[in-house]
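Enquirer: The hints should help you fit chains H and B onto chain C, whose structure is shown.
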Amino acid sequence: MTPLTGFLLVAALLFSIGLAGALTRRNAILVLIGIELMLNAANLNLIAFWRYGPHPERLTGMMFAIFSIAVAAAEAAVGLGLVIQLHRHAHTTDLDAINRMKG
Amino acid sequence: MQETISFALATSPSGIAHSLWLIPAAPVLASGIIALLKQPRRKTAGTLSIGSLAFSLLLSLIAFGHVVAGWSQGLAVRETVSFTWLQFGTTNVDLGWVLDPLSAVMLVMVTFVGLLTFIYSTGYMAHDENYTRFFCFLSLFAGAMLAVVIANSLLLLFMGWELVGLTSYLLIGFWYQKPSAAAAAKKAFLTTRVGDVFFLLGMVWLFAQTGTLLFYNNGAGSMEPVALVALLAQPAALGLTAAGAIALLIFAGAAGKSGQFPLHVWLPDAMEGPTPVSALIHAATMVAAGVYLVARVYPLMQAGIHPGGSTTALTVVTWVGASTAVFAALIAVAQNDIKRILAYSTVSQLGYMMAGLGMGGVAVGMFHLITHAFFKALLFMGAGSVIHGCHEEQDIRKMGGLKADMPLTFVTYTVGMLALCGFPLLFSGFWSKDGILEAAQHWSVAKAPFYMLVFGALLTAFYMTRQVAYVFFGVWRGKKSAHESPAVMTLPLAILAFFAIALGAIGTPLWPWFRAFLEGRAAGFDLHGFSEPGLLALMATSTVVVFLGIGLAWRLYSSESPSPEAPDPLEKSAPPIWAILRDRFYVDELYGATVIAFYAWWARVADWLDRRVYGGLVAAVARLFRALAHLNRFLDTNWVDGVFDKGCEELSSSGGLLARIQTGRVQTYLRLLAVAVVALVAILIWSSRA
Amino acid sequence: MSPVFWILATLTIAGALAAVLLKNTVHCALALTVAFAGLALLFLELGAQFAGFAQILVYIGAVAILVVFAILLTRGSETPKDGVFSHTWLAGLATAAAVFAVLAWAVLGNAKALPNQAAMPSVSVHDIGIALVGRYVLPLEIIAVLLTSAMIGAVIVAMHDKEGAK
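Protein chains in written order, with my numbering: chain C, 77 to 179; chain H, 2 to 691; chain B, 20 to 185.
Hints were generated in silico from the structure; no laboratory data involved. Built from N, CA and C at the ideal position, the CB exists for glycine as well. Certain hints may be false.
[What the hints assert, rightly or not] SDA-like cross-link-like pairs, simulated, lysine to any residue; straight-line CA separation at most 20 Å:
| id | chain 1 | residue 1 | chain 2 | residue 2 |
| --- | --- | --- | --- | --- |
| 1 | B | Lys42 | C | Ile111 |
| 2 | H | Lys399 | H | Ser559 |
| 3 | C | Lys178 | H | Ser654 |
[What the hints assert, rightly or not] Partial chain C-side listing against chain B, Cβ under 8 Å, derived:
| id | residue |
| --- | --- |
| 4 | Phe91 |
| 5 | Ile111 |
| 6 | Trp126 |
| 7 | His163 |
For reference, chain C alone in the conformation it holds in the complex:
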């Protein structure tokens, strides 16, 4: 098992854990936590491929990861703002109870 494989597996595991959290927890904020974990796993993937990829001097992976971090930050801000607004309206953050868009 090469180092790259190891990092990729770690990233995959992290991604799955984050996904599991997003899918199973009731609290909306924990869903966002899960999403943050997923994003981080993706970042790890990017850095790992940058490190063990063919042209590290081009800094492609690093740049991508940095931008991803920036975007994630912005997204976390907006998302949490939304959760707060949701809480104000529904008086709960329980996602099981929020099904007004039910078909």
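Expert: Showing chains H and B alone in chain C's frame:
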């Protein structure tokens, strides 16, 4: 007996021959117009009928004059006009009319007697509420009869024949509310139908053999030598040739129409109709149509004859005619209804005509037909006048002494009666009947018909004198007093009486104009006509017979005051014979027991078949279809609809199922996304691997 | 595989698991922070120093704090009555397991094809700066706009509604 035509034949149609079709067309047209009129327009109906028949009379006289003119120039006129009516494949069915001496005299007789009857009817039917209907039918009858007379095609003759039968039915049953009248009409129609079936058979056979139904067609007609020779060569059953068989079949039709034994049963019952109907149809014209038919197909009847001999057909005609003459005269002796006596007298005289045709040829039979038409119409109309004057009484035992109350009727009636009896020299009946007796005397096959006909003459004189004695002499036995009829009824009587006397002039041996005219020979005054062997003896014999008959009856009946309860003098002397004669030899009863009973049984069988078997079949089919319809409905409701409804239900429920994905919960959507991504990635990896 | 990697990997994974499994939401947030730290160290292990420090600064310093703030603002520290896992937790777990299975299959299946560079690249901040304003100037500017709009958006979204519109 038959001499060859000595005049040249003139066959090209003249102007009058081309217009001959107008003669029957005018009355038929009048009938049609009257049929469309409303009931109360009596004057219009009467005027139309009389006018149309007068027009026909005029044309007939012109035609007659044309033929006489030709005869006087030494030409035997026989002009035909024919046209193709039907065409199927290469076979043609032609219709057409012919103008020759036979049709010319018949035309004049029918139109003249018909016109007088029409005028008489305006008086006789004046109080009847169905006046217009009467004249409609009467005109139709006149048209049909004239069509029979002018027909050159056996088919056209048959069509007119059937139409004449129809109008006879309509007129006999004119007062259809009376059950006896309706029954009599039905009887007349059905009995003549029996004869008509044979007629039709003969006609079809003739057409099949000769390929044409035209009588005369410039050598190609069925009555012309070529066709006759072919028919003679063809053998049929029972030793007859095709010619003989066809002739007998056609004669069967004539026998039905002319009331010969055994198809005579309808004629006496036909007296249920109004008296003008009896006068015109059942005395002068329709019943004469049978005799006319035999005269028309005489070449066929005569085909193959040896000089001085006779053919099978003619022999049969003679025997039937002679037996009918005696048979009917016997029955007439014992009748008490004034019209029935005359009816049986008609049957008897028709027998005379047939016998005359059979033994003496066309001229002999036709002469008696013409004279009989006049005096029989006269007698019937006179009887009608008597009935009218006696307030609708018809039993002669309830009349009497009318010679004082109804003098004009009495005189004319007596003239007619004497003509019928054959009173010597002065009256036409004597000459015509003597012509027949002379032919019978010289008939080579047998002498019996002669004696039968002489006996018949005796009976005729007897029963006519009896009738006149009861009606006009003695004391009045009725309830109300009798009165004379109006002029519109007595004037035709006078005219007919004149002709009953005058017509004799054209048929005497002194000047045999009629015979020569019909046979296309020259005729001149021939004082040696009386010197034929046996002629004077014959005239003496018939004179004696007539006087004997009149005398006997006068002795028995002139002083009698009969009543319905008291028996007739003859009855007193021989009750069983009288009973047989009065009951008409039980012929009607025989028919009722055999033919009609069988027919009723057969009708019941057919009804059973129809209702049970065929009706059952139809009902079964209907039931089958109902069952099929039920099955159809069942299938439709349960299977088709069911399937359709099920399908729709499934669709909605699956829609409901799918809607469950829309839970409204974010995590569900995310989960679905993840699953989809997994699937896609797996596919990608797998495909890149493979 | 160096032991450092294993330790760091274990740390990160443990933190992530804790973040997802713990009942108390605040504990989850803190566990998340540990996970972030582990990741940063992994970045450093991989030689991406700038990314590592950026991770610490942004994620731990901002996002985690933000999460804690949100938890506090929404009273997420209170444990709900029906439990913290949704009633469809098994389906979610199965899905996550499936995802991991597929990813692992992809990685392990192509292990031979993956490149294996041994030499550590030397990257200086100077290089990153040059790259940012050189090659990646457009994404940089867009990120700037994004951050601005996100900030404004977050403020608007989380703002109290006007009185009377409720």
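Enquirer: Now tell me, hint by hint, if it's right for this structure.
Expert: Evaluated hints:
no.	hint	result
1	Lys42(B) x Ile111(C)	holds (18 Å)
2	Lys399(H) x Ser559(H)	holds (15 Å)
3	Lys178(C) x Ser654(H)	holds (17 Å)
4	Phe91	holds (7 Å)
5	Ile111	violated (11 Å)
6	Trp126	holds (7 Å)
7	His163	holds (4 Å)
In this structure, only the earlier hint numbered 5 is contradicted, and the remaining ones agree with it.
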